[in-house]
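Chemist: Chains as they are written, first to last, in our numbering: chain G, 183 to 298; chain R, 9 to 122.
By construction, these hints were calculated from the structure, which means they are not laboratory data.
Cβ-to-Cβ under 10 Å is the rule here; a few derived chain G residues that face chain R:
1. GLN219
2. GLY224
3. LEU225
4. PHE227
5. LEU270
6. LEU272
7. GLU286
8. PHE289
9. GLY292
If you're wondering where the values come from, they're calculated on a predicted model, not measured in any experiment. Cβ atoms here follow ideal geometry from the backbone N, Cα and C, with glycine treated the same way.
Residue-level listing of the chains:
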Amino acid sequence: KAGVTQTPRYLIKTRGQQVTLSCSPISGHRSVSWYQQTPGQGLQFLFEYFSETQRNKGNFPGRFSGRQFSNSRSEMNVSTLELGDSALYLCASSPAPLAGGVGELFFGEGSRLTVL
Amino acid sequence: LAKTTQPISMDSYEGQEVNITCSHNNIATNDYITWYQQFPSQGPRFIIQGYKTKVTNEVASLFIPADRKSSTLSLPRVSLSDTAVYYCLVGDLISSGSARQLTFGSGTQLTVLP
Numbered sequence: 183k184a185g186v187t188q189t190p191r192y193l194i195k196t197r198g199q200q201v202t203l204s205c206s207p208i209s210g211h212r213s214v215s216w217y218q219q220t221p222g223q224g225l226q227f228l229f230e231y232f233s234e235t236q237r238n239k240g241n242f243p244g245r246f247s248g249r250q251f252s253n254s255r256s257e258m259n260v261s262t263l264e265l266g267d268s269a270l271y272l273c274a275s276s277p278a279p280l281a282g283g284v285g286e287l288f289f290g291e292g293s294r295l296t297v298l
Numbered sequence: 009l010a011k012t013t014q015p016i017s018m019d020s021y022e023g024q025e026v027n028i029t030c031s032h033n034n035i036a037t038n039d040y041i042t043w044y045q046q047f048p049s050q051g052p053r054f055i056i057q058g059y060k061t062k063v064t065n066e067v068a069s070l071f072i073p074a075d076r077k078s079s080t081l082s083l084p085r086v087s088l089s090d091t092a093v094y095y096c097l098v099g100d101l102i103s104s105g106s107a108r109q110l111t112f113g114s115g116t117q118l119t120v121l122p
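Looking at chain R on its own, in the form it has when it is part of the complex:
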């Protein structure tokens, strides 16, 4: 069961770098780590995905240590528009009886202040 744990909320100021860490102690060998961003009344939007070490794209970086039991989403120079909920998802279909289900973490509310 690759349950994820994230901080409930974080505050930052415009122009700062923000790092959000997610713990996933029971991550499976084949699982990737994916981060999503969600604004109110909208569906989550893919930010970045990685398996190990470091991944960078035009909006964020993802750092994954060798043991893969945690990951850190790094948002460089945040702006007010980055205020949103950020979800860490570890690809894991959990068997529960006959049901196999995908589980998101509770998310981190990032508030960027002027």
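Pulled out of the complex, with its shape left as it was, chain G reads as follows:
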């Protein structure tokens, strides 16, 4: 069974630009969640989508948005990029939506974004 696929793996943008990252979950998984990882802040939860609906959202500004398609693939968009948005962006999939007892999350290898 193929794992979680994230594209692109690496990208460089300049301040003010926008970026779209893609995540293809494991076949049959309907929950996709996104995370930002930086050396200073660690792993931070961005949002979760399940069946094309955003179910949970972390404390990030509105510049960070996402969506999920009917095939469960998800995209994350960051507009008006800032230097501080440089990070590894990870997505994870799971069969069920995130709940009080979070089950196993299957992570992709991430998209490394550098903002100059």
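Keeping the supplied structure of chain G fixed, place chain R upon it in accordance with the hints.
Modeler: Positioned in the frame of chain G, the structure of chain R alone reads:
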């Protein structure tokens, strides 16, 4: 708020058993405890999950005392390839205004020495 606390770093030698403890004093009744391993520039990888007592799989054991306020990940006979960051995650969607978010601990950098 099931905040987790882990040691920042640990060193060990090849062949030794390593125990990493995570504190989660405010764990909720329905929460499971999950551990992940992460290598540089890769996504975290699931190691083990448990609710209470002891869980063992082919790579690790997880010990959870009766009060569930802490958990210990045990890695038997570590090798150099076990050098990684280990995260403890307590399933907890925290409400913050209208946002409900999942929180990982800061992780423990395990370095295995030859």
